[in-house]
Amino acid sequence: MTVHAETLAVPGGRVSRGSREAWIGLGLLLPAAVLVFAFTLFPVGYNLWLGFQAKHALRPTTAWVGLENYVQILQDTDFWRSVWVGTVYAVWSTVLQIGTGVAGALILHRRFPGCDFLRGVALFPYMIPTVIAVFVWRWLMNDLYGVVPYILSALHIPGMPEAWLAHGTIMLVLIAVSVWTFFPFVLVNVLARLQTIPPELYDAARVDGASPLRQFVHVTLPQLRNVLLIVVLLRGIWMFTKFEVPWLLGFGGGAGEAIRTLPVFTYQRSFTYYQAGMGAALSNVMFALLLAVVTIYLVAFPPDVEEQDA
Amino acid sequence: MRSARPTAAGAATLAWGLRLGLFVFCAFPLYWMVVSSFKASPELLASPPTFFPHEWELRAYRKLFYETNFWTYFQNTVVVAGLTTLLVLVAGTIGAYSLTRYRYPGRAAVARTMLLAYMFPPIILMVPLFLLARNLGLTNSRIGLALTYISFALPYALWILRAFFQSIPLDLEHAALIDGANRAQALLHVVAPLALPGMIATAIFTFIVAWNDFLFALVLIGVDELKTLPVGVNDFFHMAVVDWGLIMAAGVMVTIPALVFFIAVQRYLIAGWGAGGLKG
Amino acid sequence: MNGWQSDPRLVRLVAERREGALSRRTFLARLAGTGAGLAGATLVGGARPAGAQKRVVVTMWDTEPNPATRAAVKAIVEDFQKLHKDIEIRAEGMGWGDMDRKLQAAMAAKSPPTASHTQTYVVTSFRAKGLIEPVDDLVNAVGKDRIFPSVLQWLEYDGRFWGMTHAWGADNLGGRGDLAREAGVNPQGWKTWDDWLRDLPKLNKAPTYYALSMAGIPFFVNEDVYMWTGSNGGRLFDDQGNPQLDSRPVIEMLEFWKKVRGYMPSGWASHDYLETLSAWASGKAAQCFMWGRTAGYIDQYAPADKRNPDIFQMWPKTIGPSGTKPLTQFDNEPWVIYADASADEKAAAKEFLKFFFKKENYRRYCDSVPVHLLSIFKEDFQDASYLGHPERKRWKPWLDAQVRWVEQGRAHPLLVCDPKERLVPWLGDVAAAPILADMVMAVVERGRDPRVAAKEANEKIARDIIGKAKKA
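Protein chains in written order, with the working numbering: chain A, 1 to 310; chain B, 311 to 590; chain C, 591 to 1062.
For the record, the hints were derived by calculation from the structure and aren't laboratory data. Given the structure is predicted, the values throughout are model-derived calculations rather than measurements. Don't take every hint at face value.
Said to hold, decoys possible - Here are the simulated DSBU-like pairs of lysine-lysine, each with C-alpha atoms no more than 30 Å apart in a straight line:
| id | chain 1 | residue 1 | chain 2 | residue 2 |
| --- | --- | --- | --- | --- |
| 1 | B | Lys-373 | C | Lys-644 |
| 2 | C | Lys-896 | C | Lys-936 |
| 3 | C | Lys-936 | C | Lys-948 |
| 4 | C | Lys-944 | C | Lys-664 |
| 5 | C | Lys-968 | C | Lys-1060 |
| 6 | B | Lys-373 | C | Lys-983 |
| 7 | B | Lys-373 | C | Lys-848 |
| 8 | B | Lys-373 | C | Lys-1010 |
| 9 | C | Lys-944 | C | Lys-983 |
| 10 | C | Lys-719 | C | Lys-781 |
| 11 | C | Lys-719 | C | Lys-896 |
| 12 | C | Lys-734 | C | Lys-944 |
Unchecked claim - Covered by chain A, according to a simulated footprint, are these stretches of chain B (three or more residues, beta-carbon under 8 Å):
| id | stretch |
| --- | --- |
| 13 | 369-375 |
| 14 | 457-470 |
| 15 | 570-578 |
Just so it is clear, CB atoms sit at the ideal spot from N, CA and C, and this is done for glycine as well.
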């Protein structure tokens, strides 16, 4: 079913074409490589250097402190707390995005009247600028004017908190906003993949008398494996480094201290404690943590490698 | 088969229930934005909240268009996002073509290495990026902003396009080359049309990256005439009197084009990601 | 052939372009102009073309981004540029938090704006590091004797002025007259925290309305921390700048907060300061801590028949068991001029500010938010044309309440309980960091013992702020 990419053999070959081909290939890749690395290499290098400095964010001077920033980070209980809070957020919001995205894709997979419309509706939250999305959710969940608490109280659902944007529950709101905004990314990837599963596979299963659930587990899921592995990876990385959503929802304090994730904590070191060196060191630590987790993930769940190096 | 009938009816009901649930989950916040944007201010803060305005008011929209620079922000955002999308598509397409059609060492590692760029939290890249942009004379410039977004969008774009190009059979290109076409012609006339859905999907992803960014637009752009929507709308929160109706109206004006757009393009989007997902 | 660097106009042009002060199009247009001139000059030997005029670009960041104020600033800038064709003023307005972020990026790149609004504690810090310049000439030219002494007091360090306040305001306790009458409460008789606590339950009809709305976002929690500590005779730092959070007045303040908490909306910890204003205006709260701009909220969100100072009253702030006089916050943000800018730019910025503070121009600015951006000139408060503005007339009691604080000298800038604390070099760092707010939340929302929470906050300030500040 998959077509393996091969080098395109140009007919009427000339001698030593191989190395010339390689150079042309590299040349074609160059613009993309330059555009990516020009704007990431310098910032990353700068941060590596800055992590060894003490620097007040509002002053131009720096002082070399060696590994002190890193030593202090590892001893700081607030740092470990933010790692924990950030992990809880990243894991739950990713899991629920995947769940909602897959469910949404299954709902929208087969055509029905109004299907195109509903597909559009299900995708648009992804396009709303975060500033607005978070604001609208703050408004929906507000304890004084919010419509959601009002509906919940009108329905007399027991155990509902008086205020959602409070210490005990703000994490739930954060996860809800994130799922709402970002699940369309999962939906579109999964839905697209579903559309390419050959119907014959289901026919065969049906002939065998498999229930819809069994069909999902035995036919659909294996087909979705690769796309889900990549989507989980990307969404996991993006949720772990997500800053704007927790920041705009909680502003790093008040009830927001319950959603002080690692990116928020890092931001606060740089921009509210004005410790630019410490902030850089923290972002390097975050990078290292992610790299470790991603490496483990890729070893544990290797995507079907279809491309082999020449 | 006969006993399956009631179950089928039940399944249909369930399916419609699920569709309705999905619709409410996605659309309710939008509904609330729309309704709020038409309410008179005191009604906005009424408790209990009203689900339908007692009186429809256009005040917020009038204010949005006549008293703020909303339209300027909108245009800037479209220009920056459009430029970003165009450049990402060009660089991404030839880059992905290279990754799938030429043989050289490290080819497979490249796409993965580029995904590493996502592991640095963007927030912390803000200051060094500003330093860089300033030294290149790219602050207060829409091009500078677009270049920043390109560096964020390209790795994923390259990844989708690469997967997509892999799924396009080589035979067609062979045929074109045998007919005497050169590589550029083959790419333009054979590969690109087949890759169109993938390119549309990439374009949309890229457009959204540029459309939604707040942080870099804030730092790289100072003057009001060049601000993008997220930064411009954010300023509404710092007015002497924060006008929730105005903010809701801005939200609606940003959202409705997105909604219409997605309803129109979802077909290509799904087809594009699907074919790309083949390899993914 | 010593290249373009020999021509100062080109050097300047390139520098401006690099700073992003010129758009690419203007840059290219001017480059074409000078380039032609340069070629001509090389040929004929040094003659300068008359057409290429040198233009000084001045970047000024302010923290008043609302449309009315922007329109006023724009009009003033346009009038100024008619008189000074050689100066281009780029006035950019943004929220306070956004400016702080932009300033950090700009400082890291060693390219601050020419001038900006800032806070008193930033003046202290920047002055100590030589990042800003004294502006005595500006203050004198505008008229030192015309300005409120308590405005000037915070700008003066060792006999020199380091900033020039753009407009001022003072924080007040706003209360609903109608709700007080309904509850049979007489707020004007309140003197102490105990008086207040006695009446809070009567003003609380939750969930219809709450007795008090307060913001839980760190920046605003900090405001209440120092206002209440100051009203309780305490301070946050000793003369050496060491934190005093475990002192009795602070502990009592935390205990007090815990009691007040019972009469606030349960979601207060996530409320923004603006939400507290709309809660008061819309009748969801009987009281809130407010500024003059709240008048705009009332016009927007309160029922038409209630938009007057008989309903929206000014109530007294009370003192704690260890205090003698209440303390309030003084919004006294000065314009400062950055030392790194070129001499031309700095001179042009001052020229513009002199123009800005001229009576007719300054009035336009103040009138853009009439009861919020109060004039720094004493004479205006005797001036019928200033006081006669319909908004100021309508909200006269609000104006009087603010002036009273200034006359009593009990309006202090952020985090300054005792005037000496203004000199604490890391005051600004503490103000921006969430340490004080975390302390309050630990006690009020998470039930931590005030002494333990205060001790932890002390340690954090010592380690994370003072320890770092001494190094960098």
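For each hint, the structure was consulted:
no., hint, result
1, B:Lys-373 / C:Lys-644, "39 Å, violated"
2, C:Lys-896 / C:Lys-936, "48 Å, violated"
3, C:Lys-936 / C:Lys-948, "19 Å, holds"
4, C:Lys-944 / C:Lys-664, "16 Å, holds"
5, C:Lys-968 / C:Lys-1060, "41 Å, violated"
6, B:Lys-373 / C:Lys-983, "26 Å, holds"
7, B:Lys-373 / C:Lys-848, "42 Å, violated"
8, B:Lys-373 / C:Lys-1010, "46 Å, violated"
9, C:Lys-944 / C:Lys-983, "28 Å, holds"
10, C:Lys-719 / C:Lys-781, "42 Å, violated"
11, C:Lys-719 / C:Lys-896, "50 Å, violated"
12, C:Lys-734 / C:Lys-944, "12 Å, holds"
13, 369-375, "violated (count 0)"
14, 457-470, "holds (count 8)"
15, 570-578, "holds (count 7)"
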